[in-house]
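The residues making up each chain are set out below.
There are 2 protein chains.
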Amino acid sequence: MDKKGILIVVSGFSGSGKGTIMKELLSRYPDTYALSISATTRSPREGEVDGREYFFVSKDEFEKMIAKGELIEYAKYVENYYGTPRDYVEKKLDEGRDVILEIEIQGALNVKKMFPDTLLLFVTPPSADELKKRLVGRGTETMDVIRSRMERACEEADGMENYDYLIINDDLDRCVKEMHSIIQGEHRRSSRNCGFMKEIKEDLERMKH
Amino acid sequence: MDKKGILIVVSGFSGSGKGTIMKELLSRYPDTYALSISATTRSPREGEVDGREYFFVSKDEFEKMIAKGELIEYAKYVENYYGTPRDYVEKKLDEGRDVILEIEIQGALNVKKMFPDTLLLFVTPPSADELKKRLVGRGTETMDVIRSRMERACEEADGMENYDYLIINDDLDRCVKEMHSIIQGEHRRSSRNCGFMKEIKEDLERMKH
Numbered sequence: 001m002d003k004k005g006i007l008i009v010v011s012g013f014s015g016s017g018k019g020t021i022m023k024e025l026l027s028r029y030p031d032t033y034a035l036s037i038s039a040t041t042r043s044p045r046e047g048e049v050d051g052r053e054y055f056f057v058s059k060d061e062f063e064k065m066i067a068k069g070e071l072i073e074y075a076k077y078v079e080n081y082y083g084t085p086r087d088y089v090e091k092k093l094d095e096g097r098d099v100i101l102e103i104e105i106q107g108a109l110n111v112k113k114m115f116p117d118t119l120l121l122f123v124t125p126p127s128a129d130e131l132k133k134r135l136v137g138r139g140t141e142t143m144d145v146i147r148s149r150m151e152r153a154c155e156e157a158d159g160m161e162n163y164d165y166l167i168i169n170d171d172l173d174r175c176v177k178e179m180h181s182i183i184q185g186e187h188r189r190s191s192r193n194c195g196f197m198k199e200i201k202e203d204l205e206r207m208k209h
Numbered sequence: 001m002d003k004k005g006i007l008i009v010v011s012g013f014s015g016s017g018k019g020t021i022m023k024e025l026l027s028r029y030p031d032t033y034a035l036s037i038s039a040t041t042r043s044p045r046e047g048e049v050d051g052r053e054y055f056f057v058s059k060d061e062f063e064k065m066i067a068k069g070e071l072i073e074y075a076k077y078v079e080n081y082y083g084t085p086r087d088y089v090e091k092k093l094d095e096g097r098d099v100i101l102e103i104e105i106q107g108a109l110n111v112k113k114m115f116p117d118t119l120l121l122f123v124t125p126p127s128a129d130e131l132k133k134r135l136v137g138r139g140t141e142t143m144d145v146i147r148s149r150m151e152r153a154c155e156e157a158d159g160m161e162n163y164d165y166l167i168i169n170d171d172l173d174r175c176v177k178e179m180h181s182i183i184q185g186e187h188r189r190s191s192r193n194c195g196f197m198k199e200i201k202e203d204l205e206r207m208k209h
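These protein sequence lines are chains A and B, in that order.
Heads up: the first sequence runs through residues 1 to 209, numbered per the UniProt record's numbering.
Heads up: the second sequence runs through residues 1 to 209, numbered per the UniProt record's numbering.
Keep in mind the hints are simulated off the structure, nothing from the lab.
Keep in mind that a hint or two might mislead.
Since copy identity is lost for identical chains, a pair holds within one copy or between any two.
[What the hints assert, rightly or not] No more than 25 Å apart at the CA atoms, straight line, and that leaves these computed lysine-lysine pairs for DSS-like: (1) 132 - 198; (2) 208 - 198; (3) 177 - 3; (4) 4 - 177.
These numbers come from a predicted model, not from an experiment.
Work out the full structure, taking the sequences as your base and the hints as a guide.
Structure below.
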């Protein structure tokens, strides 16, 4: 089979627990997956290490990376840039690792445009009722907070159809196993195994003569 | 999540062992899968039961089924008709079973045309070398037999790209697990969960007011 890694984007509803799932997935299968490391212009916080949490760069360096096309996607939040360096991702993919990007819908669609083979996963609670519960909280939130969460969830829901799979987060253990199994199943897609199919065909043709 | 079963077509190289895989899959997960039962005009052999191995029908009845559109696909081999009755398949899908059809490429493409959600699986040995070994056999075959197998394998290989997944048959146990996991992963495809996504969206919209 073809050995190249798969580029995976994970998005999901706020509070869907995708961070926890990712952490667990990486700790269970450290040789299979690599988490993409973002570049950012914000200052490192205490305990953060350059090249582990983020690649810390200056605003000038970041804008040069944009100009040279060295970022797969980037965005600006509160005066700071965040982006995904292409080099690191491609190196890991070539090593056969499946590389995970945790970004939001707009970034996800940009990545998919640049790398059409990207696998898009969307993490969601098991039902609309469960999502409601998480949005409303324990009755200690103000109506403003709930309303703003709801607005955001509506926007997130609008993008769902663009994702390849829905990952149902009911139970962490089951959910991590399922995500792993979906990604590994994707390695068997015929469209990801053109090399394998070509080899079999050429060998068969050669044998006929 | 949406509960409807998935229609699955399994094809593969001759001698790829797909019959054995299917039998094992059905015996391990009898509540998950149903094997489609073909209608045929050939006479029952000893021990064959109507409605178990096949639905045995007359030539006249079969041609009426064709005319009425009651078959998903059909073909004629050596003066006998074989076809897949739509009724049985749809009943099982509605019950939430994943229904498996074991047919060849032309039938597979016809089924996909009529049911675009059909999942197409192609069973193959793990490498071109392994396929070669199976084609050439143990050195006891005539050149004519080998040549005809090779011709057939070439035709089969030509259709491979049309399938969604390649199922690598190296070890029976691993292969059955993998096929099960690929099919179950497919249930999480967003395109197969339009009802679930619609429900979440409508609930969120309703809550905003």
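Going down the list of hints, with the structure as the test:
{"no.": "1", "hint": "132 - 198", "result": "between (49 Å within a copy, 15 Å between copies)"}
{"no.": "2", "hint": "208 - 198", "result": "within (16 Å within a copy, 53 Å between copies)"}
{"no.": "3", "hint": "177 - 3", "result": "both (21 Å within a copy, 20 Å between copies)"}
{"no.": "4", "hint": "4 - 177", "result": "both (21 Å within a copy, 22 Å between copies)"}
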